[in-house]
Amino acid sequence: MVNFSIKGFIKLAVFISFLGMAQSGNAQNKINGKKIFETRCLVCHQSDGGGVPNMNPPLDGSTNVNGKDIARLVKIIRNGYDERVALDGMYYNNAMTANPDLKEDAIADVLTYIRASWSNKAGAVTISQVKAALLKNKAAKK
Amino acid sequence: MKKQIQLLSMAIFAFCMNVIAQENAGLTLPTGFKASLYANNIGTARHIAITKSGVVFAKLNNPNKEGNSIVRLEDANNDGVADKMNGWAKYGGTGIYVKGNSLYASSNEAIFKYELNSKDEVVNPLTPQTIVSGLLDRRQHNSKSITFDKGNNIYVNIGAYSNACQVEDRKAGSQGRVPCNILDSAGGIWKFDGTKENQTYKDGKRYATGLRNVVGLDWNNETNQLYVAQHGRDQLNSFYPNLYTDAQNAELPAETFYAINEGDNAGWPYVYYDPSQHKKIVSPEYGGDGMKEGSSEFKDPAVAFPAHMAPMAVLFYTGNQFPAKYKNGAFISFHGSWNRSPLPQEGFFVAFIPFKNGKATGEWEIFANGFAGTENGAKVTNTSKAKARPCGLAQGPDGSIYVSDDTKGSIFKISYSK
Numbered sequence: 000m001v002n003f004s005i006k007g008f009i010k011l012a013v014f015i016s017f018l019g020m021a022q023s024g025n026a027q028n029k030i031n032g033k034k035i036f037e038t039r040c041l042v043c044h045q046s047d048g049g050g051v052p053n054m055n056p057p058l059d060g061s062t063n064v065n066g067k068d069i070a071r072l073v074k075i076i077r078n079g080y081d082e083r084v085a086l087d088g089m090y091y092n093n094a095m096t097a098n099p100d101l102k103e104d105a106i107a108d109v110l111t112y113i114r115a116s117w118s119n120k121a122g123a124v125t126i127s128q129v130k131a132a133l134l135k136n137k138a139a140k141k
Numbered sequence: 000m001k002k003q004i005q006l007l008s009m010a011i012f013a014f015c016m017n018v019i020a021q022e023n024a025g026l027t028l029p030t031g032f033k034a035s036l037y038a039n040n041i042g043t044a045r046h047i048a049i050t051k052s053g054v055v056f057a058k059l060n061n062p063n064k065e066g067n068s069i070v071r072l073e074d075a076n077n078d079g080v081a082d083k084m085n086g087w088a089k090y091g092g093t094g095i096y097v098k099g100n101s102l103y104a105s106s107n108e109a110i111f112k113y114e115l116n117s118k119d120e121v122v123n124p125l126t127p128q129t130i131v132s133g134l135l136d137r138r139q140h141n142s143k144s145i146t147f148d149k150g151n152n153i154y155v156n157i158g159a160y161s162n163a164c165q166v167e168d169r170k171a172g173s174q175g176r177v178p179c180n181i182l183d184s185a186g187g188i189w190k191f192d193g194t195k196e197n198q199t200y201k202d203g204k205r206y207a208t209g210l211r212n213v214v215g216l217d218w219n220n221e222t223n224q225l226y227v228a229q230h231g232r233d234q235l236n237s238f239y240p241n242l243y244t245d246a247q248n249a250e251l252p253a254e255t256f257y258a259i260n261e262g263d264n265a266g267w268p269y270v271y272y273d274p275s276q277h278k279k280i281v282s283p284e285y286g287g288d289g290m291k292e293g294s295s296e297f298k299d300p301a302v303a304f305p306a307h308m309a310p311m312a313v314l315f316y317t318g319n320q321f322p323a324k325y326k327n328g329a330f331i332s333f334h335g336s337w338n339r340s341p342l343p344q345e346g347f348f349v350a351f352i353p354f355k356n357g358k359a360t361g362e363w364e365i366f367a368n369g370f371a372g373t374e375n376g377a378k379v380t381n382t383s384k385a386k387a388r389p390c391g392l393a394q395g396p397d398g399s400i401y402v403s404d405d406t407k408g409s410i411f412k413i414s415y416s417k
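Line by line, the protein sequences are chains A and E.
Those letters in the first sequence? Residues 0 to 141, by numbering that gives the first Met the number 0.
Those letters in the second sequence? Residues 0 to 417, by numbering that gives the first Met the number 0.
It should be emphasised that the hints constitute simulated quantities derived from the structure, not laboratory data.
Source: prediction; values computed, not measured.
Wrong hints could be hidden among the right ones.
Said to hold, decoys possible - Far from chain E, some chain A residues (derived; all Cβ distances over 12 Å):
1) Gln-27
2) Arg-39
3) Lys-67
4) Arg-83
5) Leu-133
Stated by the list, open to error - Listed below are the simulated EDC-like cross-link pairs for lysine to aspartate or glutamate, each with C-alpha atoms no more than 20 Å apart in a straight line:
6) E:Lys-386 / A:Asp-68
7) A:Lys-137 / A:Asp-87
8) E:Lys-386 / A:Asp-59
9) E:Lys-378 / A:Asp-47
10) E:Lys-170 / A:Asp-100
11) E:Lys-407 / E:Asp-82
12) E:Lys-384 / A:Asp-59
13) E:Lys-190 / E:Asp-82
14) A:Lys-33 / E:Asp-245
15) A:Lys-137 / A:Glu-37
16) E:Lys-358 / E:Asp-299
17) E:Lys-195 / E:Asp-245
18) E:Lys-170 / A:Glu-82
19) E:Lys-407 / A:Asp-87
20) A:Lys-130 / A:Asp-87
21) E:Lys-170 / A:Asp-81
22) E:Lys-384 / A:Asp-47
23) E:Lys-170 / A:Glu-103
24) E:Lys-64 / A:Asp-87
25) E:Lys-378 / E:Glu-345
26) A:Lys-33 / A:Asp-87
Think of the CB as a built atom: it goes at the ideal place given N, C-alpha and C, for glycine as much as any other residue.
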C-alpha cells in the first residue's frame, strides 16, 4: 500500500529541506533588505516607498524598480544618482547618496526588498546578478 | 433607543463638522477667518502674485496639462472663486512678482519681464524681456525666488547645489570643502537692476551669503529691509549616527528666518542653528561634534522654526482687513518635512510671525492648518500622502491673503470679517 523506498525517502527529505532552506533564505534576504532600507533609504524614499514630490522619486509603482534592468538599479545603489532624467514622466531634484560600502549580498537584499514591497511584485535579485552588474559597470567605465 | 439617538446625533455632528470643514476649504483658521478654494488643479503652483485689481498670477514648477507654466486667474463675480483662467510660457520655475505695470517671472536659471495693460493682461506673453540669465541650476535647490525693494532692485535666491558643501555631496564621511567654493555663485541672495535687460552674474551683486537655500523672501517696507527664510541642511543622523540620533535629527537644525543687511553671512555650510541650545553649532563636516559653538561672525536668526518644515514663502501683511495684530507682521508658509523620518512629519501649514516696533518678537504661531487633509488632523508619516502642501503667499487688494499648493494645484483665499 505505502510504496516508498529508502532512497526515495531520502531524496524527498533532501528536496523538502532544500525547499525550506530556499524559503528561509528568501525571507532572511527580505529582512536584511528591510533593515538596509530603513537605515539608508527610508529618509528620502519614505516608509511607504512614495518618495517626496519633486525631490525623491517613489519606488512604489516605479517602472524601473519593477523592470528588467537590474544592472542599472545596482549602479544607482552603489554610485548614487544625480542626473537630469524623467522617471515615469517626472523630474526629481535631490541627489541620491552613494553606498560604496554596501556589499554585493546587501545590494541584492535591498533590491529584493524594494522590488517586493508596497504594491511592487517584481522578482528577487541574486548576488550573481549584482556581481555581473558591477562587472558590467566597471567595464563600461573603462 | 437612547444609544441609537446618541449614535445618530454623533453622526449628524460629524456630518456638520465635515460640512463646516469643507466650507473653509478644509482649513483650520483663527476665529473670524474664512477660507475659500479660489482655484483647483491649475498645476504645480509655486509662488503667486496679485495685481492692484485682484488678478492672480501663479508660477508653475512644470507646465500644466494645457502646457502652460504661468497661469492668470480672475474672480470676476467676486465670490472668492476664480472664474477665468488662461496661461502661457513653457518654462518651469518658482518666482513671480508684480511691480507697477510689469510682471516678473523666473525659470530655474533666468528672470523675465512682461508688460501688463490696463486690464492686467499680459501684452507680450511670447516676447518677454530677459532681465537676468545664466544663473546656476544644478538641480538641487534650483528655485529662483524673487522680490523687490521699494525701488527697482530685484533680489533673487540662488540656492546651493549641495547639502553641506561636502567634497562629495551627501556621501558619508566626505569632509566639507574649505573654503566652500559653491558660495562664489550660489548659496546666497543676489541683487540685480530690475529695469536692465540681459544681465548675468557680473552685472549683479552678492547681497547676502551663507544661505543654503532660500525659497521664501520678502521686503519689509516698514523697516526697508530684506527678510529671508532658509531651508536648513539635511541628514545629520544619516552621515553622523554616532553624533545624532534619529530623534535629534528630527529637531536639528532649525529652519531659520533672518533680517538681512547687505553683506550678511548666515554661516552655511560652516554652522547650523540649534534651536534648543539657542546657538550656532559647527557642522560635523567642518569638525563639529554637536556642541562646539560656531563663529560669531555669522548672523543669528530673527526666528528659529522647527527643523525640516521647509519655508516656501514670506509675506509682510500690509492690509487693513485682518485684526490689528497682523499689520506689518509676516506670514510664512511651510511645505512640510520629509527629513524627520522615521519620526512623523511636521509643517504643512501657514504660520504668523508677530512684529513689534519693526522687529520680530521671536514668537510665532500657526495661522492656517489642515492643508495635508489627514483624518482628524492626524500627523503625516509619509510626505507624499499630504493632500496639499502650502507654497506661495500673496496679499489681495482687499487685504485677503492667498496660499498656493504645488501638489494638487490649489489656491486658497483667506479673509477676515468681524
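Hint by hint, here is what the structure shows:
1. Taking the minimum C-beta to C-beta distance to chain E, about 22 Å, the non-interface status of Gln-27 (chain A) holds against the 12 Å cut.
2. A beta-carbon of chain E comes within 12 Å of the beta-carbon of Arg-39 (chain A); the shortest separation is about 8 Å.
3. Residue placement check: Lys-67 (chain A) keeps its beta carbon more than 12 Å from all beta carbons of chain E (closest about 26 Å).
4. Distance check on Arg-83 (chain A): its Cβ comes as close as 6 Å (rounded) to a Cβ of chain E, failing to clear the 12 Å threshold; non-interface status is violated.
5. With a least CB separation of 18 Å from chain E, Leu-133 (chain A) remains clear of the 12 Å interface cut-off, as annotated.
6. The straight-line distance between the Cα atoms of Lys-386 (chain E) and Asp-68 (chain A) is roughly 33 Å, outside the 20 Å bound, and the hint therefore fails.
7. Between Lys-137 (chain A) and Asp-87 (chain A), the direct Cα distance comes to roughly 27 Å. Violation of the 20 Å bound is thereby established for this hinted pair.
8. Proposed proximity of Lys-386 (chain E) and Asp-59 (chain A) is supported: the alpha carbons are some 18 Å apart, at most 20 Å.
9. Between Lys-378 (chain E) and Asp-47 (chain A) the CA atoms are separated by roughly 15 Å; this keeps the pair inside 20 Å, and the hint holds.
10. Between the alpha carbons of Lys-170 (chain E) and Asp-100 (chain A) the distance comes to roughly 11 Å, so the proposed pair stays at or under 20 Å and holds.
11. Pair hint Lys-407 (chain E) plus Asp-82 (chain E) holds up; C-alpha atoms about 18 Å apart against a cutoff of 20 Å.
12. The hinted pair formed by Lys-384 (chain E) and Asp-59 (chain A) meets the criterion: a straight-line CA distance of about 13 Å does not exceed 20 Å.
13. Between Lys-190 (chain E) and Asp-82 (chain E), the direct Cα distance comes to roughly 37 Å. Violation of the 20 Å bound is thereby established for this hinted pair.
14. Between Lys-33 (chain A) and Asp-245 (chain E) the alpha-carbon distance is near 17 Å, which keeps this suggested pair within the 20 Å criterion.
15. Restraint check for Lys-137 (chain A) and Glu-37 (chain A): the C-alpha separation of about 28 Å exceeds 20 Å, so the hint is violated.
16. Under the criterion of a C-alpha separation no larger than 20 Å, the hint pairing Lys-358 (chain E) with Asp-299 (chain E) is consistent with the structure, at around 14 Å.
17. Only pairs whose Cα atoms come within 20 Å are accepted, and Lys-195 (chain E) paired with Asp-245 (chain E) is rejected, the gap being roughly 48 Å.
18. Note on Lys-170 (chain E) and Glu-82 (chain A): the hinted pairing holds, with a Cα-Cα distance of about 16 Å set against a maximum of 20 Å.
19. For a cut-off of 20 Å, the pair hint linking Lys-407 (chain E) to Asp-87 (chain A) stands: about 18 Å separates their Cα positions.
20. The hinted pair formed by Lys-130 (chain A) and Asp-87 (chain A) fails the criterion: a straight-line CA distance of about 27 Å is larger than 20 Å.
21. Of the supplied pair hints, the one linking Lys-170 (chain E) and Asp-81 (chain A) holds, its CA atoms being roughly 12 Å apart against a limit of 20 Å.
22. Proximity of Lys-384 (chain E) to Asp-47 (chain A) is assessed by CA-CA distance (about 9 Å); at most 20 Å being required, the pair is judged to hold.
23. Between Lys-170 (chain E) and Glu-103 (chain A) the CA atoms are separated by roughly 19 Å; this keeps the pair inside 20 Å, and the hint holds.
24. Taking the CA atoms of Lys-64 (chain E) and Asp-87 (chain A), the gap is about 16 Å. The hint holds against a cut of 20 Å.
25. Taken as a hint, the Lys-378 (chain E) and Glu-345 (chain E) pair is honoured in the structure, with Cα atoms around 7 Å apart against an allowance of 20 Å.
26. Proposed proximity of Lys-33 (chain A) and Asp-87 (chain A) is contradicted: the alpha carbons are some 24 Å apart, above 20 Å.
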